[in-house]
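**Student:** Sequence:
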Amino acid sequence: MKKQPNFEPRNILALAPIVILVIFLIAGDIATGTGRVGLARVDTIPALIQKAGDIATGTGRVGWALVGYALIYLIFFIIGVIPSPPKFNLFFISILVGAGIGGILSEAPLHNSQAEDYKKRGNYEQAISEYRKGGIANLKTTIPEAYLLLGNQQLDTSKYEQALANYHNVSNDELMPNNSSEKAKRQIGAAYLAWGLQLEKEGKQEEKALAKYDEVLKDGNNSDAIAKAKVQARFVVYQMGDTELTSNNFEKAITTYQKAVNRYEATQTDLKFYLSKTYLAWGQKLLHDGDFEGALNKLEPNLKAYAVIVHLPSYYATIIDSYAGIGQKLLTAKKYDDLLTQLTPVYDTYVKLDRKNQLGGLLGNAYAGQAADFETGKNYLKAVEKYEKALTYLADNPSGKDKLYRSLVRVYMAQGNDFEVGTDYANAIAIYEKALTYAEGNDDSTSELNGRLIAIYQLELDDEERQIQEAEQAQQNTNQELQLALLEAGITGCSLIPGNTFCDVASLGLSLKQGDWLGAGLAAVGFIPFIGDAFGGGAKAAKIGVKVLSLESKFANLAKVATSLKALKVTALSKVAKVLTRGKWFSIRNWKNYPELANVPKPKGPFTLRVGADYEKARDAANKANAELHRLHLEWKGMEIHEIHPVKFGGSPTDISNKVVLSPEDHAAYTNWWNNYQKELGIAE
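Using the working numbering, the letters of the sequence shown map in sequence onto residues 50 to 734.
Mixed in with the good hints, there may be bad ones.
Claimed, not checked - Under the rule of at most 25 Å between Cα atoms (straight-line distance), these lysine-lysine pairs were calculated in the BS3-like manner: (1) K651 / K641; (2) K383 / K450; (3) K321 / K277; (4) K257 / K189; (5) K378 / K308; (6) K384 / K353; (7) K232 / K253; (8) K452 / K405; (9) K253 / K234; (10) K401 / K353; (11) K232 / K267; (12) K279 / K267; (13) K405 / K383; (14) K401 / K431; (15) K234 / K279; (16) K267 / K334; (17) K450 / K483; (18) K427 / K384.
Stated by the list, open to error - Computed Cβ-Cβ distance ranges for the label pairs, DEER-style: (19) N428 / K378: 22 to 28 Å; (20) K653 / K427: 24 to 30 Å; (21) K301 / A354: 17 to 23 Å; (22) Q307 / K405: 34 to 40 Å.
Read the hints as simulated data drawn from the structure, not as lab findings. All residues carry an ideal CB built from backbone N, CA and C; glycine is no exception.
Throw the hints in and build the complete structure from the sequences for me.
**Tutor:** Right, dumping it as structure tokens:
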């Protein structure tokens with residue numbers, strides 16, 4: 050009889066491992082893996098490796114399933130669920146464990162082979178996964194290397210965070226020690242450096258870039274990266290400082306620049322350029338805001354400390370502008386003494402650098418201000434001193450120089466006028482001559498000064514003419530006395546006046562007694578040789594001779610005076626001529642005896658002298674114009690046309706406003722006055 054299956058619970062339970070095994074086999078890759086290898090067509094080595102990987106995975110899982118089954122079987126055996134004989138059960142368990150371990154061990158070589166292929170193709174993440182399946186031996190060798198390669202790959206593609214994570218993975222405790230850790234540490238610095246450079250390139254990421262460079266220094270494992278990071282960090286710091294500088298955050302800019310030295314080993318020489326431009330910009334900002342003292346406090350102390358050669362011109366210009374601002378405030382407030390005290394030493398320091406002569410201009414204007422005050426107080430000597438001092442600073446300033454020249458002329462005129470009022474003509478002339486040196490190019494001033502000089506010279510001429518006339522009259526009187534003395538002596542026909550008849554010894558038949566003349570002390574007199582016996586000799590002769598010779602001496606002295614006065618007149622006339630030839634224009638102040646007719650005003654001038662062909666041409670034009678006027682105005686018949694401002698003295702020959710109709714008598718009066726004026730000035734008609 051056929052035996053029926055025993056479905057007792059314990060027998061069914063004994064089948065549980067088989068059921069579990071079937072589940073593992075179905076769930077695992079043994080069927081798919083081995084099936085793929087067996088059934089699929091393999092065309093390439095990579096495909097073969099892929100199938101081999103599937104087999105490895107399948108056999109490995111089968112191995113683990115067998116070991117698991119053996120463990121379950123052992124448990125069931127221990128608790129008595131499985132009643133089989135012990136020897137058999139232990140043998141069966143051993144078979145299962147052996148088969149399982151064999152399956153597991155057969156998986157590792159195939160995973161490692163597949164991992165190598167992934168690594169060659171740059172698929173490092175898959176390679177790491179396969180290496181981990183390939184066994185514990187990979188933990189210290191291939192897996193760290195794969196992490197390093199993966200990090201390098203991510204670094205090359207700018208995946209900095211992932212790269213850094215994988216470089217750090219190389220040094221995980223489970224993977225240490227390994228041969229890739231030192232390289233990975235160096236790459237950490239390189240990754241932070243590259244990350245910082247990328248942030249710089251993106252722009253406006255200075256803070257983040259600097260943080261990455263700081264990580265390079267903090268890591269400290271890559272000397273090359275550290276050196277480069279310091280260079281880049283300095284560059285970033287300078288950029289950050291420049292940003293603060295652009296925003297006028299000067300103190301923060303300086304603090305930022307200092308980081309380059311304090312943290313990133315920049316030299317003081319490198320830093321100097323940035324501090325130089327910061328203090329310069331700071332000073333320029335304060336100058337712009339009108340804080341001149343503040344600007345100088347930032348610029349002058351740092352000029353020597355930090356200013357580099359490329360900034361020196363701007364430093365000097367800003368310093369000069371700041372002092373100029375201070376000076377202008379003082380000038381506006383009329384604090385001339387304070388301005389001169391403060392800016393004079395500054396001018397001495399910066400005169401060669403002050404291309405616009407701002408400081409010199411301020412000093413010149415300050416002296417001019419002082420001079421104006423002295424002028425107002427009629428202290429002309431001090432005013433002249435200050436104006437001339439101002440000129441030393443404004444000599445190269447055309448407008449300033451011209452203004453000072455006019456001021457000096459004005460002061461000299463006032464000073465000269467005071468001398469004139471006091472009849473101190475010599476000093477007046479000297480002052481006016483000085484004034485003329487500053488009136489060059491100023492026709493109005495030149496005309497006025499020349500007129501004043503001519504007026505003084507006219508006074509001199511009048512005085513000298515009067516004295517000459519007095520001397521000549523005295524000579525006539527002395528000659529008359531002499532005639533009376535000679536008549537008394539019985540001598541006639543003699544005269545001391547040159548050109549008249551002189552007495553001589555031959556005509557009178559007289560002889561001179563030498564001794565008597567010696568007794569009278571007259572031996573040196575020889576111009577009257579006939580006096581002697583004719584006077585009766587002795588005391589009588591001496592008495593008469595003394596009187597005659599006394600009159601002769603008086604006459605001779607008067608002649609000398611007259612000669613001297615005439616010489617002075619010539620000198621005065623030469624001075625007038627000098628004035629007329631030196632200056633084109635002059636004015637007339639002495640209108641003594643000028644005819645006064647209601648319809649003939651005095652010409653205002655300025656005057657000049659027309660001579661030679663120039664005068665002849667102008668006179669001819671005037672005559673033609675006058676003839677035409679007579680032709681047009683028959684009612685003027687018998688009248689004369691007079692030029693109010695004479696053509697000889699620069700008047701217009703044709704301008705109708707310069708002409709007036711006069712009777713012949715009135716016209717003659719004006720003509721005579723102008724002719725006499727010419728004579729007084731020594732001007733030929």
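**Student:** Does each hint hold? Answer for all of them.
**Tutor:** Here is what the structure says about each hint:
1. K651 / K641: It holds: about 12 Å lies between the C-alpha atoms, which stays within 25 Å.
2. K383 / K450: holds (20 Å)
3. K321 / K277: Between K321 and K277 the Cα gap is close to 22 Å, so the pair holds against 25 Å.
4. K257 / K189: violated (35 Å)
5. K378 / K308: violated (40 Å)
6. K384 / K353: violated (31 Å)
7. K232 / K253: violated (32 Å)
8. K452 / K405: holds (18 Å)
9. K253 / K234: Answer violated: K253 to K234 is near 29 Å, above 25 Å.
10. K401 / K353: The given pair, whose Cα atoms are some 18 Å apart, holds under the 25 Å limit.
11. K232 / K267: Holds, because 17 Å separates the two Cα atoms, which is no more than 25 Å.
12. K279 / K267: holds (12 Å)
13. K405 / K383: Holds, at about 22 Å.
14. K401 / K431: violated (29 Å)
15. K234 / K279: Answer holds: K234 to K279 is near 18 Å, not above 25 Å.
16. K267 / K334: violated (39 Å)
17. K450 / K483: holds (16 Å)
18. K427 / K384: Answer holds: K427 to K384 is near 20 Å, not above 25 Å.
19. N428 / K378: 22 to 28 Å: Once the Cβ atoms are compared, 27 Å apart, the range 22 to 28 Å for K378 and N428 holds.
20. K653 / K427: 24 to 30 Å: Holds, since K653 and K427 (Cβ atoms, about 28 Å apart) stay within the stated range.
21. K301 / A354: 17 to 23 Å: holds (20 Å)
22. Q307 / K405: 34 to 40 Å: For K405 against Q307, whose Cβ atoms are near 36 Å apart, the range 34 to 40 Å holds.
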